[in-house]
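If you're matching them up, the sequences are chains A, B and C in order. The numbering used here puts the last residue of the first sequence at 592; the count rises by one with no breaks. The numbering used here puts the last residue of the second sequence at 491; the count rises by one with no breaks. The numbering used here puts the last residue of the third sequence at 303; the count rises by one with no breaks.
Mixed in with the good hints, there may be bad ones.
Beta-carbon label-pair distances, calculated as ranges [stated by the list, open to error]: (1) T22/A / L16/B: 55 to 63 Å; (2) T542/A / F349/B: 53 to 61 Å; (3) A275/B / G66/A: 27 to 35 Å; (4) M1/C / T22/A: 50 to 58 Å; (5) A275/B / P300/C: 50 to 58 Å.
Far from chain C, some chain A residues (derived; all Cβ distances over 12 Å) [stated by the list, open to error]: (6) A400; (7) I530; (8) V585.
I should point out that these hints are in silico values taken from the structure, not numbers from a laboratory. We put the beta carbon where it would ideally sit given N, CA and C, even for glycine.
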Amino acid sequence: MSLMIKILFLAVSLSPALTLSTWGESLAWPLFGGIELLFDLNPISAFFLLLLALGAPLVALPMLRGAPDRPAYALYALLLLGMQLLLLAGDFIGFFVGWEIMTWSSYLLLLRSSRTDLEGAQSYILFNLASAFLLLAGILVFHSLTGDFRIQAIDQLGGPEPLALAVLFGLAFLIKVGTLPLHLWVPRAYDQAPDIFSAFLSALMSKMGVYGLILLATLFPEALSGLLGRLLNGPAAGYILAWIGVITSIVATFKAISQEDMKRLLAYSSIAQVGYITTAIGVGSSLAIGGALFQALVHTLVKLLLFITVAGIILQTGRRRFNDLGHLIDRMPISFLAVLIGIIGLAGMPPLPGFAAKYLIFVSLIDARWLLLLAAMLLSSTAAFIYCYKLIYAPFLGHANSPEAKTATEAPWPYLVPQVILMGLLVALGIFPGFGIQFLIDPVLTALGLAPIGAPSWGELATPYGGYDGVVLMTVFGTAFALVTGGFFLLRGRMRRAGSPYDLSYAGEVPTADTPLHYGAGMGRELRRIPLIGWILLHTTTGFLTGLTRQSLAAAGLLGGFYGRNPQTWILLAVLLFALALTLVTLTGGAL
Amino acid sequence: MAFQLTPVWFIALPLLVAFAAPLWVRLGLLMSMLFATPLVLFGLAVSLFPAVGDAPLLETIVIAPPLGIHLHLDSASLLMVALFNLAGVLFASFLWLGDTEPHLRGRGPFVLILLLITGCTGLVLTGDLFNLYVFLEIAGVSAYALSALRRDKTALEAGLKYLIIGSVAAIFILLAIVLLYLETGQLNLAALARDFGDIPAAMQGLIGLLLLVGLGVKAELFPFNVWVPDIYRGSDPAVTSLFSGILVKAFLFVLFHLVFLLLADPAVARAWLMALGALTMLVAELVALRQQDMRRMLAYSSLGQVGLITLALGFASEATTAGALFHMVNHTLVKMLLFFVAALMLRRFLSLRLADLRGVGHAMPVATALFVLGSLAVLGLPPLSGFVSKLCILKGFAEAQAFWPIALILLAALIEAGYYFRWIKVFYDSDPAAPQCRSDDGPAYLPLVLIAGLLLLLGVAPFLIEDWFVQAARALLGRGTILESVLGVQS
Amino acid sequence: MHAIVDSLAMIGISYVMGFLFYGFYRQFNARVQRRWGPSLWQNFFDNMKFLLKTETLTHGPMFFLGPMIIAAGAITTVLFVPFLKDSDWLQGFSEHGNLILIIYLLVVGPLGNALAVGSSGNPFGVMGVTRGLTRLMGLEVPFFLGLALVMLQHETTSVHAIMAAQDGLAQWNLFTNPIAFIVILLPFIASQNASPFDVVGAPVEVYAGPRVEFGGRLLGLLMTQNMMMTVAKLVLVVDLFMGGAGNVPILILKAFSLFLLTASISLVFPRLKTEQTVDFFWKVPLGLGVLGVIATVWLPWGA
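Make a model of the complete structure from these sequences and hints.
Encoded structure:
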């Protein structure tokens, strides 16, 4: 019985792949009052559906472990349904329906974790519903502009409505991708969600916001340039969006560095990475959108890999704080390799595909002549090295810091299989960036009416500004590595392994097991002494939101005073109001 | 056919069944009759839809002119009648299948429930003011008695308070009726509508205000709805579902029926009604944030929805009116579902306080899942029916380029989400102290699951009954048609 | 065959230039401080001594692989920087790369090595790595911004194209785009791990530096790659700002003059702490860079 359910669940998780491969002609579903839901697959949605098709089964696999969690399976199926609806929708109502199903089913999945507290759950659902309602408001403005719900470019650009439309939609999607200052729900949700589900949240659901942002650009003739004109060599409206994205990544990167918990670090890193995507969408040129899509693809793969691996570590050790882990490299070698590949992709180092994405975005910024943005983006992308290093150092290197970390074993196979697949995909995409451009990115660019980037060969990434060859790069590096290692062994002399982990140069002392040797959570603490970073880490917008909550509760209490328990006051109130209204009516001349 | 299908059966049949209660007790058919009567009437109402769509059914039983019973069955009132009877069916099946408390299963409640349905049906069917008042009192008195059924301190207090505030409202309405009769000499609504314009403006204002206050109390509009949470808290949750599901809807319908009929141009009252609706909605949703008792929370949420419906009806465009009628149906279904869940939880935990319901999701998974579903529907989240009706209302506003109500409605929905999801979160808290044994008494869930299925069906395929709402909206707004059909018959 | 010979030649030249430059630096340093200093060949001797040690201590496989990665990274970097202009020789694989790739390749090795340091389990080593990464965060922003000004000027990221655009002395970017050069100069010194930004690996800081656990042949390898990397960076700046070089003597001359400039700056300033370094880079060179951007991009004559 439980095996049947698991097989069924796995089959459901493959449904996005099935939809993608077998989708035929468009579907229509009449709803109400002339509203018709249209569903069709276009290259843009196909790209995001591909991400979902890749990610859904990989997240489902670890969920199969242990006794079947039926409610979670059902909610996951609903979530997939919602996301597919949202991606396939050809009209905004279908889009909204999918968006909402996604929102509430993911919320209910979030509640499956015993670590979710009221604050985290509330901030998740309220931010996401705020996003949804802003979206709905935008849809209604769109409807009043075009008289239709179909997703299409509006033809009129004057007046405040298009701007209102852009702001409403923009805010809705920016909440979803978690840009500053609308990001507060992200770290809490990613941290508190069931460990595996965090991978889904970060890797796939944030991409729906990205899809929305790209969709937003298609609503205006001349994309974002149609809105506020041009600035330097890019759209002025996009310049604002791009700065929002970059500031988000800078702040989130520094916050990530200061985290002491693996999942929270990954959450902030997600915010930062999606910030790059936002920036690139703001630039809006063919190179930039190509970079945004590439970054979306890479970020999906990387965050799936990292969150699943981290979930495996938490499963095996029960610890999630950097202070409590350490030296797992010998006990969890595959997980180590997974995190290694993951952080290389996250940091955007060549030869993994994260570099290709960064390269495209950097070049597009140079092309748009937005160099200040480039500098700011570089700041966050270099600072990201520090948290990447923390992520691999604290759990895997150094010294084991808790009894669990000293005895842990490698994660079970449902965790390892997705890791291995994702590592393979990342390495392959890194060697063949041209393949990704040609088959995944260019169709979307063509559909968006942008010039395709094109690739002379699978290994090459080519732009008007020059490019690089992933195959050559990998070959050179691999050969050099092999030669150096080989040459090293050819030299005279022998290697000797240190007798104990405490056999260290330790300021002339001999450290013991009691010596605090793990530099884990403290890493990056000294960064606070740098004025800018100290300032960023000191400030937060949480206060504003708690204040808002407090104020609305106070208002609730005040208004609640009306609802007394005494019938006399009820009657008194009614009569007084009647008298007041009557006086008013008489004074203003009779008619109602 | 000798047996004529006239509107009067909607009132006569439940009355007859109610007064034959001793017979049913003897036959042991009490519960089945309570279930069958609304079911038959619901079937009748559904079968009448095509006919009524063509022309409204009228019936006049003259007692002594100008007194008489004028019944006016058009698409709008038929929709309401069908809704009330459907609610009656659901309520009866809940009482029948769910092993409810004995004080809800005796002869008294049997009569009162049927009278309540009759009264509400009469309110929407009646074509003259005199009977409006009569039915208002029937519905009111049965409601007061129902709320005091449990005969403990809180229930009796609630019943007494309800009686007091209900009578005050009735006095306001009676005054208005008296004034109207004095001014025009008419009681027939259509005739009144024709002559209302001739009344001096000051008197018009006075009558309008009297009606507004009276019906505002009954239809739970802010600031006349201060009594609601107290009464809802004191009554049985199952009974409360009738108040929120049927009674309020009937009075809302009456309020807007009168507004649309008496005023040649409903735009006169638009600002007042929309402001009242918006205020009701926002205030209720805000206050609900702090509620610690599920019945009070649901009461405030109900007020919020009433405000939304008022806002939409007050705008008086066809699209918003159709949406508002649809929303009435949804809200009735949802609130019945939620109050039933509350009743089940109350029976299990003997309390509906938030703190006592921690972890209920593990003890009563089905009930909690249904609560979640109901919350999603009341928040207007797809794919449940609340979404479609809300969308319809919002679309109506957007088409008329009125954006402030949209902003308010969405803001209210966000606040509403704030408390509903707080409850849901607490329900799913993992609390080691919460009882872990899972028990779901099967048959009691049948009506609940049926409602859930209906909510889902109407959310996915609302086009099935789209025509009903559009026709109902036309009928409700079609002042000219009513005047013509009624006065044409009379003259 | 050509590629193999060419690659070996590039590696050889960078190594020879590396130890000679470092040897010169030690001499130069000593003379400024009125000492006799070691011979020009001292660095070569030191390096060979380390590489031929008979015994080397390791702390596990990752500890061993780190120096391999950093050395492979250095070789890859050298092979992606074109050494000569308008020549078939000493090009390596540079036509398959670009400037941004090179900038990132410069970091690959150090990050690989950071893994080895972490693997050693010495907290001081990790502290050094963190300092290094922090410094990197500081210097990379103005460094990249300066290079971006050059890339914008020539509308390409290809080092070849930038080199080709500087035909004569007057077209050197050093003269056509002086702001960019000034912006990158100090970050460049820091990226060479030279004083005054050398707190990470300075001799007196070894106990709190990334190399604390390395010895023997592994340390030798680290030293080798450091010398090669220094030359690669020098050549890169020569390519970008001084028009590249047509043949090896000119290359050495230009690189040497640049080295002399940086060495002179290094000698006269006291060492900064890490946070001071970062703060300095974000204030002075980055501020200059922002001014440069405003001057060249935002102001009307820039476009």
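Outcome of the hint check:
Taken as a hint, the range 55 to 63 Å holds for the pair T22/A and L16/B, whose Cβ atoms sit roughly 60 Å apart. For T542/A and F349/B, the hinted distance range of 53 to 61 Å is not satisfied, since their beta carbons lie about 35 Å from each other. Checked against the hint of 27 to 35 Å, the pair A275/B and G66/A fails, with Cβ atoms roughly 56 Å apart. For M1/C and T22/A, the hinted distance range of 50 to 58 Å is satisfied, since their beta carbons lie about 51 Å from each other.
In this structure, A275/B and P300/C meet the distance hint of 50 to 58 Å, their C-beta atoms being roughly 54 Å apart. Annotated as non-interface, A400/A brings its C-beta within 12 Å of a C-beta of chain C; the closest such distance is 10 Å. Distance to chain C contradicts I530/A as a non-interface residue, since its nearest Cβ pair spans about 5 Å, not more than 12 Å. Non-interface status of V585/A relative to chain C is upheld: no Cβ of that chain comes within 12 Å, the nearest being about 62 Å off.
Checked against the numbered hints above, the structure breaks hints 2, 3, 6 and 7 and satisfies the rest.
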